[in-house]
Amino acid sequence: MNRLEGNIRRRWSNRLMLVICGCAAAVTIAFLALILGYTIINGVSYFNLDFITQAAKPVGEPGGGMREDIFGTFILVGIASVIALPVGLMAGIFLAEFAGPKAASAIRFAADILTGVPSIIVGVFAYAILVRPMQSYSALSAGVALAIIMIPVVARTAEESLRLVPNSQREAALALGISRWRITLGVIVPGAVTGIVTGIMLAVARIAGETAPLIFTALGSAFGVQGLTEPIGALPLQIYRYALSPYSDWQKQAWAAAFLLVILVLGINIVVRLVSYRKKQ
Amino acid sequence: MARPRVGDRIFSSLTLFFALLIVLILGGLLVVLNIDAWPAIQKFGIAFLTSIEWDPVREEFGALPAVYGTLLSSLIGLIIAVPISLASAIFLSELAPEWISRPVSFLIEMLAAIPSVIIGLWGLFVMVPFIRDPIEKWLGSNLGFLPFFQGPPFGVGFLSAGIILAIMIIPIITAISRDVMSAVPATQREAMLALGATHWEMITGAVLPYCRSGLVGAVILGLGRALGETMAVTMVIGNSYKLTLSLFSPGSTIASKVASEFSEASGDLYIGSLITLALVLFGITLVVNIIARLLVWRSVSVKGTGE
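Going down the list, the sequences are from chains A and B. If you're matching positions, the first sequence starts at 64 in my numbering and goes up one per residue. If you're matching positions, the second sequence starts at 616 in my numbering and goes up one per residue.
Pulled out of the complex, with its shape left as it was, chain A reads as follows:
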């Protein structure tokens, strides 16, 4: 009798715990739904054509938009990509193709640690090496900060996709007497291009939403985009500024900007995942 009761208790505690685990997953999804839901509802209701085609207007004047900040975000992502893509790709090629096991694990370790450095600290670093010597906040310094965040991500994903290229391809090309650098650039990199591009796009999505490293490098600009050595605005930076401002007009614009940024960032994520999922099948 006792044993039977024990078994019933075991069965019920089994069911209870499994249900709790399911609920936990549901809670996680609920957070996503809440954040996305509010961003989309508020964002759409304050979003209009002016928002992307007009420059900002002073407080109190109705209308105005974030044209310059949207432009600024694209420029910053561009600068960061120009710096980070060659560095990240070459480092990835080194890790996958040329490094001995010890060198590889040391550099991999450094890359992983660099990924874990809080982005605000990267911003302080860019301030110290660029803003201070140049005596000016600048698009360039912000681009460099974003590049530092991007490099280890690109390097690690490139390495992982290069490793997936079967060795038989390397051997076949070597047997033809082709030199290794040509094999790498002509056979192996093209073979891994889907994975590499996936990694790059995810890295772009991540830095497009980065705010902390921009506060004291890009600073924001009331005069629009002026040049690489001048302060520049950016979409996430403007969300931060406008959200903390006391003006309800600006707070509404912050929601509209958040809506645009979410579309951009999640859009990239969704497209990339769908494409790489298709490819796998």
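Because the hints were derived from the structure by calculation, they are not lab data. Just so it is clear, the structure is predicted and the values come from calculations on it, not from any experiment. Relax, there's no trap hidden among the hints.
Where chain B lies over chain A, by a calculated footprint (3+ residues, C-beta under 8 Å):
id : stretch
1  : 96-103
2  : 173-184
3  : 241-247
4  : 269-275
To spell it out: a stretch of chain B is covered by chain A in this simulated footprint if at least three of its residues, at any positions, have a beta carbon under 8 Å from a beta carbon of chain A; those stretches are:
id : stretch
5  : 627-638
6  : 727-740
7  : 772-786
8  : 866-875
Note that CB positions come from ideal geometry on N, CA and C, so glycine has one too.
Got chain A; can you put chain B on it based on the hints?
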């Protein structure tokens, strides 16, 4: 063997150069931050860590409230996030059929991809009012005998920061824990089931003990992220600088202090103090991340990226 070709040598040295650049950036970070922090380190010494002053006018600076706020908000975040994440990971890895676990994993990754400033915006305008009333009011009137739940309910403060951090680290801890659990060999599960264990007993008796160090690593990795998280926390923590047990009180973290004051700071000592704060944060996250990496690497190396 033919002699190595010149082209190969140039190319492989070039890739080595760019790879070393990563190490160089990491080293550069340490060196540059130390140099720029020097005026403050020289003036305050180790007392910087124990002082609670932050007075730009008299140029007195101390880190203790910021360090305290960083640890406290991350701790609250962990307390909320760890059970939810581990249970979600169990659900994804052990319970759900693939047609459920795949889209749910996808959605959790989407949560991780939302920029921190947007989570902060949501936190400030949607979550904080809800935390103030009913949550803090309820806690205050029912558990107000505890020092943590005393004081007026502001909404912005340590509690809100902790909850926001929990939301941000749940996807990280969940994703890594799921991978770590999936790497447990099926034979372990089958052996436990063959002994007559229920599904839940199999999970607690075979799966979790087998991958314990990987799970600890996942949690510590989440902690590393929470400690350095900046934007969302800055927007909901209220930016006051004090030591208090009350979770309702506004406070600061290292990252929020640096984010909210750096661009207005002037003078070597003020800037140096903020950079010293950043250096302290760098040190803490470095240690935390190294520990986490070692733990996770060891337990996923079966299928992972390593050798």
